[in-house]
Each structure stands twice: as structure tokens, then as C-alpha cells.
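Assembly of the complex is requested from the two constituent chains, each provided in isolation within its own frame, with the hints serving as guidance.
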Amino acid sequence: MAGDNRKPLQPTQAESGLVELFAARRISGDNLPSLCAEAFEAFQAKGLPSRREEAWKYTDLRSLMRDVKPLATPPEPAAKELAREAGLLKETGFRRIVFVGGYFAPELSDLQDIEEGLSIGSLSEALATQDSFAASYLGKIYPAEDSAFALNTAFMSEGVVVRVRPGATIERPLHFVFVANATQPATYFLRSLVVVEKGARATFIESFEGADQCDYHVNAATEMVVGEEARVERIKISREGDQALHVSTLVATLAQNARLNDFALTIGGSLVRNQTFVKLEGRGAAANLRGANILAGKEHADSTLLLDHAVEGSESKALFKSVLDDDSQAVFQGKIRVRPAAQHTDARMMARALLLSGAAQAICKPELEIFADDVQCGHGSTVGALDQELKFYLMARGIAEADAVGLLVEAFIGETLDGIEHSSVRDHMTSLVAELNERK
Amino acid sequence: MTALLEIKDLRAEISGKQILNGYDLVVNAGEIHAIMGPNGSGKSTLSYVLSGRPGYEITGGQALLNGADLSEMTVDERAAAGLFLAFQYPLEVPGVPTMTFLRAALNSQRKKRGEEELSSPELLKRIREAAKVLGMDPEMLRRAVNVGFSGGEKKRAETLQMMLLEPKLCILDETDSGLDIDALKVVASGVNQMRSKDRGMIVITHYQRLLDYITPDVVHVQSAGRIVRTGGKELALELEATGYAQYQSEAA
Chain A
1 MAGDNRKPLQ PTQAESGLVE LFAARRISGD NLPSLCAEAF EAFQAKGLPS
51 RREEAWKYTD LRSLMRDVKP LATPPEPAAK ELAREAGLLK ETGFRRIVFV
101 GGYFAPELSD LQDIEEGLSI GSLSEALATQ DSFAASYLGK IYPAEDSAFA
151 LNTAFMSEGV VVRVRPGATI ERPLHFVFVA NATQPATYFL RSLVVVEKGA
201 RATFIESFEG ADQCDYHVNA ATEMVVGEEA RVERIKISRE GDQALHVSTL
251 VATLAQNARL NDFALTIGGS LVRNQTFVKL EGRGAAANLR GANILAGKEH
301 ADSTLLLDHA VEGSESKALF KSVLDDDSQA VFQGKIRVRP AAQHTDARMM
351 ARALLLSGAA QAICKPELEI FADDVQCGHG STVGALDQEL KFYLMARGIA
401 EADAVGLLVE AFIGETLDGI EHSSVRDHMT SLVAELNERK
Chain B
1 MTALLEIKDL RAEISGKQIL NGYDLVVNAG EIHAIMGPNG SGKSTLSYVL
51 SGRPGYEITG GQALLNGADL SEMTVDERAA AGLFLAFQYP LEVPGVPTMT
101 FLRAALNSQR KKRGEEELSS PELLKRIREA AKVLGMDPEM LRRAVNVGFS
151 GGEKKRAETL QMMLLEPKLC ILDETDSGLD IDALKVVASG VNQMRSKDRG
201 MIVITHYQRL LDYITPDVVH VQSAGRIVRT GGKELALELE ATGYAQYQSE
251 AA
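Chains as they are written, first to last, in the working numbering: chain A, 1 to 440; chain B, 1 to 252.
Next comes chain B alone, as it looks inside the complex (with noise of 0.2 Å):
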């Protein structure tokens, strides 16, 4: 059977500094990974270049999207092939309003796999639903894209695009940071409705405390562009412990 991601001795820089050497990881459908990390270690780059950020440039090796290579696929592309990366710091936009926003990129996506597009109406209560499980006032999606959003409400906008989309890849970069706990429940929540044997994640954060609100089935350690050490969800109680030190000199 096809893996949904698998990555092969992925080699990638930006700007001519390799961050990626020999990236080696396989996700299947059903399955939550964890990429734990110290700072530096190149977790945020693997989900640029697996969502093709422009400046981050494959130099070596595949990344298989349902055994598509994902270095082919245009940015959009990728999205409609199911790639869905929940940004560590979602962006403004002002000007556009989210429901605007939020309706091209469904429709963009059903398009590009031949699906009909949604008619407003069914839209609108789909968009509902997932505020409703999230805890976002409506009347926020009213305004321009997360444009004065709190930190907080930020993540929640980007986990409603995601439940929206229904993305077969999912991968959340550091969701947690800048989060309170009550606001990290919730979102949580929301990621946790996502979890189905149809689809995989991949959790990259520095904290095991994510992991007590999303259990991973398997836990990676992340050092100098690398995968160092797999292990199950032990394995973030233990790095909570003892820390990345022991990583970063191995690496080195």
C-alpha cells in the first residue's frame, strides 16, 4: 500500500544554507506523528518545503504525496492534493474578507479534483459548524483574514480553515505556541474531530504539553535537518524531562 507522505533522503537549502540533510519519514493514513526539536533543528522548514514556500529549494532526494512527488506540484496544487500546513504565525490580509477567502480556496481546491462547487448557502453552514466547535464568533469572519485577530483567535481561524478543507495531510507547525490553555483545548478539540483513518498529521512543536490534548502515535526527535530518534508518545515525557542537549551534541 501507498504511504500518504514518504519522505526518502530529503536534501533541502534556502538560500544555499543546506537545513534538510537526509530527511527520512513515512506517515500513514490514520496515523499522528509528533516532530520534536530544538530551536534551529529545521521542523518549520520541512513544512515549507513540503508546502513548496518559494526560497526553499529540494536539492536531493523525494517527498511523496500519495506517491506523487511533491516537488512537481505547484503551491495550490499540493493544497488541492490535500497538503495542508496550519502556519505558525497565520498572516494578515487585509482587504480580503475571510468568507471571500474561504470560499476560493474550497471551491479553487474542488475544482482542480473535479468537484462540483459548493453553493453558498452549504457553505456558510459548513463555516458555521466548525466555528461552533471552535468557539468563533461569526461575526469575526466578517472581517478581513485573521486582520486584528488576537494570537489565540488566529489559530482557531487557521484550524476552521482546515476542518473546512479537509485536507488528507495535515501538518500543524507549532500550533501551540502563543496559545493559553484554555484557547490550546480548544484547538485541540478541533484537530482532534479531524483525527480519521483517512488521514494523517504530522504535529511539530517544542513542548510535550500539546501532546497531552493531541496523542501522537509516534514521536520523532528532530536534530540538524534530521530525524535522530522515532519512538511512541513515552518518547516526548521523557524529552520533556531530559531535554534536547543529548540531541544536539549527537548531531554535531
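Okay, chain A solo, but in the shape it has when bound (with noise of 0.2 Å):
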């Protein structure tokens, strides 16, 4: 509201510098879909989000985005031989998918005995051969008025678009990896499209990683759909490098009965931001959202959600915490709304930080929207220092301080964690944890 009413305001170097990659890619012209010039203009309507919108009011892009990186261009081979090393959950027998700098990879993804069901390709590929599939979804499942995912439209050009039938069960999990090229600064932008038909079943890790030292921007959206009966279970990585500045933004939509199961864990990466909207518009719709972060030094994540109900009968559970180490800083905003004729809307969030160092803070804001008058929505949320009593007991043991702490710290962790249902990913993602918290 107030920010409506105050003058426009000058556009930065990073705004600028947006407008003039978009030229450019406008002039390379491979049949750039109108819905990308129009996201474009709705971005350049708004500008980078900044303070003066409530949903980006702790972390301020427009002056945490001093400048633009280059569009990622292909990577040399080194760049590819650096990624087939790194990777998070390799040696786990999960589908990889893989992209190098904001390229696909074939040859070092695994597309052999694709599921019956499932297809998978790559959105450039979909983007290239206009396929009828992908547009009729992209941009359209939910349209969420932020302009980072604006930009994201506006600059989409690779990615994963999955498809699973009605009916089918994918039991293997899909990993889709993204590797930022560590040998050049560049902005990413990855854009992805889960279609998760009627009844059918999978799960899906989006892991991004990067090397440190690396100045790099990547602005990540998925959008999803979860048909009816259907379940997706979801698990978002960032292990970003320590210069890294990283946006990712998840829209879904929940059918009638469908489930959709999601954990992010933040580790890395000197500024990120995940917002979530989820769209629970079939009756006995459930979400059910959880979050880690894990921080030290000046690093700062952003976790926004929006539960928006909007039809009777849905539920929707929200779990974040945090442990904050350092100048470290984590930002939680988690909004409900229930929509007039979303009745019996069962709506639960709570945020939960752990202070390791007198100089981490925790910013929490729950906010409640409710339109109908036969809910239950609760919110709550706490801020507190390590248990000195339980560390000295650890201590007492043997345990050197460090790893005391760290035993701790997976404590807290834990419940976010055990939320995962696929037991696989939970035990590969609960030793995940325990390894890089040990090198934190």
C-alpha cells in the first residue's frame, strides 16, 4: 500500500543491467515466448523487490543486488569434469539429472529404463520445439504476483519438465542437480514444471551447489502440480558457495486429496531466499512444509511461504528452524490464507531458531488471512540459545565442544528431517546433514 503511493524509484545497476541482458535475448530471438516479454514487463512495472514490499521486507534485493553477472554461457569441459566430482547424494541410486552452469548435461545425467509413466525432459528442449505440454502449464499454474518469479519467466530457458501418468508410482527418487560453473561469475536462471497426475506417486530432490570464492547469482523457480490423489514429496538443497546469492521460488497447486510432502535445507550460500506458494484448492488437500537452515559467518536465508486455502476441507502444516551461528540471519515469513469458502481449514506453523552466537538473529512473522469463520489456524514460533546443561552432560563424555554442538544441532535439526517419508532419502538426507554440519 505504501509503496504504491511513493515515486518510482531510480533503477539500480542490477535493474538496468536486467534490462539490457533481456534486450539482448530478445535480439538472439529463438522464438522467445510472448509469456516471457510480458513477465518481463510486469518485472520492469515493479523492479527488484525491495524493503518497500512486505513480503521482501527482511531481505532487501534490490540493495543486496549490486550488479548483474553475465547469462551463463555453456561450460568448457573442465567446468563439467569439476562437476561430475562434486555432487551432493551421489552415491545414493537416485536418478540423476544433471545441469552444468545452467546446461543440461546428457552425459553425465542417468536416462537409462525410464519408468513406465514418467517422462522427463529438459525445458529448453520444450521451449525449442513449442511443446504443447509444458506451455500449457508454465507460468500458468499459479500466478504469483512476485517479480523475482516474474524475472525467472522472463529469463526461463532450462530446466527439467517431468511428467508422471495417472496412476504411476515412481519409487526411484529424481534427483535434479545443479551445478554452478566455478569457473566464471554468471546468473542462472532454471525453470522446471512437475506434473504429478491423478493417483500417481514420486519424488523429487533439487539439490544446487556451487563452488566459494565463486560470484555467481541463480534464480531457481519449479512449478508444480499435484493432481488428484496424488503424492509428491519434495526435498530442496542449497549448498550454494559462500559468495553465491540464490532465489528459488516453488508454486503448487494441490488437487482434491493430494498430498504434497516438502523439506528445504539451506547450507550454504550468502544470501538465499525460498518462497513458497502453495495453492490448496481441492478438498482434503494437504501440505504439509518443513525447512532447515543451517547458518554461520554472514550468510542469511529467507524462508516465505504462502498457504493459500481456498476451498473447504484442506490442511496444511508448516515446520521451520534454524540454527544461526556467527552474524548469521534467518528470515521467516509464513502466511496463511483461507479463502471464504475454505471451511474446516486446518492450518498449523511454527518456526523455531536456535542461537549459537549472541550476534545471529532470527526474524519471525506469521501472518493469518482468514476469510471463513469455521477454522482452526495456529501459528507460534521461538527463539533460544543452546542448552548449556545438555552440552557440558555431552562434554562430561568425552565430546569435544565442537562435535557436542554439532550432536546438538542435529537434534534440533531432527524433526524437520524425520518428516520425510521416502526412508531412503530420509537416511541418505539425515547423514547429509550430519556431514556438512561436521565441515560447517
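Errors might be hidden in some of the hints.
Said to hold, decoys possible - Simulated pairs of lysine-lysine, DSSO-like, Cα-Cα distance not exceeding 30 Å: (1) A/K335 with A/K46; (2) A/K69 with A/K46; (3) B/K125 with B/K111; (4) A/K391 with B/K8; (5) A/K391 with B/K132; (6) A/K365 with A/K298; (7) B/K125 with A/K391; (8) B/K233 with B/K111; (9) B/K233 with A/K391; (10) B/K197 with B/K111; (11) A/K198 with A/K298; (12) B/K111 with B/K168; (13) A/K391 with B/K112; (14) B/K197 with B/K125; (15) B/K112 with B/K125; (16) B/K112 with B/K8; (17) A/K391 with A/K335; (18) A/K335 with A/K317; (19) B/K154 with B/K132; (20) B/K111 with A/K391; (21) A/K140 with A/K365; (22) A/K140 with B/K125; (23) A/K46 with A/K391; (24) B/K168 with A/K391.
Calculated from the structure, these hints are not laboratory results.
Here it is as C-alpha cells:
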């Protein structure tokens, strides 16, 4: 409201840079869908999101994003070699679909023996062939009026397009691996589309990783449709390099009796924003969103949710935990919207922070927008320090201080991992957190 | 020969309040010492000062474990050097599985002492053996440390940790509190199994009862932050009959 009345701001260096990038993209001209141009116009009207917008109040991207890195160019063999070495959750047997420096790397991906009912393609291919299936969903699933998401739409060029046909159960998790090019600063726009049709089941992992001391920006977005009676589990991992700026959007719609079980882990990246827009538009739909941020140094992680209950009888749960060391900062903003028709909504939200340092900061802002009169909605938050008595107990058994803190941190985070339903994914994620936490 | 534990004129305070006032005690390997005394005489404080609990500050004197000054070691270094405190109120550690905790504790100590880490099967074998002596269901060890355990189960778990870690000096802080007679016997049998010529123990208790099952070599009476009388095991029986009143007035 206040923002609208103010004078438009002078474009920042980054905003001007984006205008130039988009102009260049338009000229290179590969049948740019009208969707992209419209999205860029929408972006330009608002500019980069700033603290003038309530949803970005604590993560002022406009002032934090000083410049624009060039659009990624195809990775040289050396970068691919590095990417081959890297890789979270590598020895798991999950189906890896690998992108290096923003480009699909089929030679690093596992595309053998695709299960019946599953199709996997790249967004670049879908755009080049004007694939009608992808076109019918892209940008249309949930019109989030967010300018970071609009920017992603404007520049969308690569990502995964997945379809799971009605009734198919895909037991083997699909792992989308996004590795930044360690050898050059760049901007990556990654856009994925996941459509899980009626009664189907699937598990997806999206991981983002990059090297330290490499200055790069990631703007990633996933659009997801969870059909009637379908069940989707999604894990998102940010293990970006220490200079990286990472903005990620999930938009999802849930049909009748659809279930989405989502977990986002942030344990790396200078600035990470995870924004999630979920619309529960079918009766009996259920969304379970969890997050864990393990931060140190000057890292900043922002988890912003909108749980939009549109019809009668849907359910949402959110549980977010942050462990903050040094000067790090975690932001949790959770909005539960209950539309007039959405009677008997059951929505619960909890955010907890564990401060390991006096300079760390946790910001928590729940918002309830309730337009129905027979609902159950609740939210809570806690911020606390490490239990010194417990630390003493562990140390009195010979465990070194850093390891004792590590165990207590994993215990604090544990509840968010325990919610992962796919048992093999849960086990691997639990080990991964222990391993990354040890290195931290 | 160096004593296992030598405490010389030890003075300690918590939040500026002096609790130990010139404490002297020598425990040799192979000996079990009982420390008895009324509430508020600083018995638990002694155990916390020795183990290095934050907030307990040594203001004078010395405590040496095998000749090494405890005040110069961190809490975990003291444990690796062989000091073990069985807590009066063992803590619940939600979210940390007992097995993970035991493995971390044992292997951290071994690493600090320059020993090989134990393999998982070997660790499991040792844990099972100790659990058997203590009549513990191994299923309990799959749960988080002490979470949902009864008072008796916590004391058994504490004794199990002690058996597994094989410390040189065990301090049992009111291990009998909250135990019924059957649990007391089981815990005592675990402790007795650990009696050895290489190991010393300090058993802190209010009551003579525990000493029926763990027979001490030496009994001390503590009052107002220091030892006021020392005798043989018969002293415990005498205290049971006369109470602590005379020592409290003496100290005052």
C-alpha cells in the first residue's frame, strides 16, 4: 500500500543490467514465448523486490543485488569435469538429472530405463519445439505476483520438465542436480515444471551447489501440479558457494486429496531466499512444508511461505528450524490465507530458531488472513540458545565441544528430517546434514 | 607413587558463593571412598568442580588426576583422562540416539588418547554385554538418550556408560537417589563389576543403604565444604545411627 504511493525509484545498476540482458535475449530471438516478454514487463513495472514490499521486508534484494552477472554460457569441459567430481547425494542410486553452469549435461545424467508413466525432458527442448504440454502449464499454474518469479519467467531457458502419468508410482527418487560453473561468474535462470497426474506418486530432489569464492547468482523456480489423489515428496537443498546469491520459488497447486510433502535445507550461500506459494484448491488436499537452515558467517536465509486455502476441508502444516552461528540471520515469513469458501481448514505453522552466537538474528513473522469462520489455524515461534547443561553432559562423556554442539544441532534439526517419508531419502539426507554440519 | 586423585586445600565458588573451603582428599587406584554428609554440604559441588561444570570456579588449591592439574583441562579432556561423573540427575537429550551418543563418546575419548576407534560391531558387542549385566532391554538404546526413561532406567543407562567408557576414576553422585531396592542391587552389581586395582571410585551418598551393596574402603564425612572426619566402613553405620547433627554444629 505505502509502496504504491511513493515515487518510482531510479533504476539500480542491477535493474539496468537486467534490461540490457533481456534486450540481448530478445535480439538473439529464438522464438521467445510471449510469456517471457509479458513477465519482463511485469518485472520492469515493479523493479527488483525491496523492503518497500512486505513480502521482501527483511531481504531487500534491490539493495543486496549490486550488479548483474552475465548470462551463463555453455560450460567448458573443465567445468563439467569439476561437476562430475562434485555432487551431493551421489552414491544413492537416485536418478540424477544434471545441469552444469545452467546447461543440461546428458552425459552426466541417468536417462536409462525410464519407468513407465514417467517422462523427463529439458525445458530448452520443450521451448525449442514449442511443446504444447509444457506450454499449457508454464507460468499458468499459479500466477504469483512476485517480481523475482516474474524475472525467472522472463529469462527461463533451462530446467527439467517432468510428467508422471495417472496412477504411476515412481519409487526411485529423481534428483535434479544444479551445479554452478566454478570457473566464471554468471547468472543462472533455472525453471522446472513438474506435473504429477491423478493418483500418481513421485519423489523429487532439487540440489543447488557451487564453489566458494565464485560470484554467481541463481534464480530458480519450480512449478508443480499435484493432481487428484497424487502424492509428491520434494526435497530442496541449497549448498551454494559462499559468495552466491540464490533466489528460489516453488509454486504448487494441490487438487482434491493431493498431498505435498516438502523439505528445504539451506546450508550454504551468502544469501538464500526460498519462497513457496502453495494453493490448496481441492477438498482434502494436504501440504506439509518443512525447512532447516544451518547458517554461519554473514549468511542470510529467508523462508517465505504462502499457504492459500481455497476450498473447504484442506490442511497445511509448516515447521521451520534455523540454527544460527556468528552474524548469520534467518527470516521466516509464513502467511496462511483462508478464503471465504475454505471452511474447516486446518493450518498449523511453527518456526524455531537456535542461536549459537549473540550476534545471530532470527526474524519471524507469521500472518493469518482468514475469511472463513469455522477453521483451525495456529502459529508459534521460539528463539533460544543452546542448552549449556546438555552440552556439559555430552562433554563430560568425552565429546569435544564442537562435536557436542554438532550433535545438539542435528538433534534440533532432526524433527524436520524425520518428516521425510521416503525412507532411503530420509537416511541419506540425515547423513548429509551430519556431514555438512561437521564441515561447517 | 602418584595418587590417582589428589585434592589439596581446594577452594571453589559458584556465583561468588564459596562452597568448598579447603578440601583435602587422596584416592588411590583400587580404593573406593564414600563421601557422606548432610544436604547443602557441597557434595555435588565437589563432583561438578572435578568434572569442570561451567559456573564452578576454583579459587584456590589443586585437584590432580594422576598428577595432572584438572583445572587446566577442558571438560572432555578430563573425561578422556579417565574421569567419569555419574550424574545425580542424568539429562535427557532429545533427538540424539543413544547409540550415536555412546559411539561419539567412546571414540572421542579413544581418539584423544591416540587409540584406534572401535568398529561398530565391536562397540555393539560391548554395549550388549553391559546391558545384559544391568538387565537393560537393548531396544531402549535405540531411543534418544534417557528420553522417556524412568529414574531407575536413567541410573542404569548412566552405569552402562561408565562400564563402556572404562574410566580410571568414577564419581557416583547420589546414584542411589530415586532407586528402588531391586534397581539399586542391579546398579550396584554393575559398579562392583568395575572394581579393579587400577580404578578408584568416589561414592557420594546421604544414606548407608548403598554402602550395603558397594562396600567402601574409606568413609568421609563432609560438612560445610570440607571433610571433617574420615574412618572405615563402620563409620557409615555410626552415621546412620547418630545422624549428621554433630558435624553441622562442628562446622558452624
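Verification of the supplied hints:
1. A/K335 with A/K46: holds, 22 Å
2. A/K69 with A/K46: holds, 20 Å
3. B/K125 with B/K111: holds, 20 Å
4. A/K391 with B/K8: holds, 29 Å
5. A/K391 with B/K132: holds, 29 Å
6. A/K365 with A/K298: Holds, at about 21 Å.
7. B/K125 with A/K391: holds, 27 Å
8. B/K233 with B/K111: violated, 39 Å
9. B/K233 with A/K391: Distance ~36 Å between B/K233 and A/K391 Cα, so the pair is violated.
10. B/K197 with B/K111: holds, 25 Å
11. A/K198 with A/K298: violated, 44 Å
12. B/K111 with B/K168: holds, 17 Å
13. A/K391 with B/K112: Given pair A/K391, B/K112 holds - Cα atoms ~18 Å apart, limit 30 Å.
14. B/K197 with B/K125: The given pair, whose Cα atoms are some 25 Å apart, holds under the 30 Å limit.
15. B/K112 with B/K125: Distance of about 22 Å is within 30 Å: holds.
16. B/K112 with B/K8: Given pair B/K112, B/K8 holds - Cα atoms ~27 Å apart, limit 30 Å.
17. A/K391 with A/K335: Violated - the C-alpha atoms of A/K335 and A/K391 are around 35 Å apart, more than 30 Å.
18. A/K335 with A/K317: Holds, at roughly 12 Å.
19. B/K154 with B/K132: holds, 15 Å
20. B/K111 with A/K391: Holds. B/K111 to A/K391 sits at ~19 Å (cutoff 30 Å).
21. A/K140 with A/K365: holds, 29 Å
22. A/K140 with B/K125: violated, 59 Å
23. A/K46 with A/K391: Measuring from Cα to Cα gives roughly 49 Å; hence the hint is violated.
24. B/K168 with A/K391: Judged against 30 Å, a Cα distance of about 22 Å means the pair holds.
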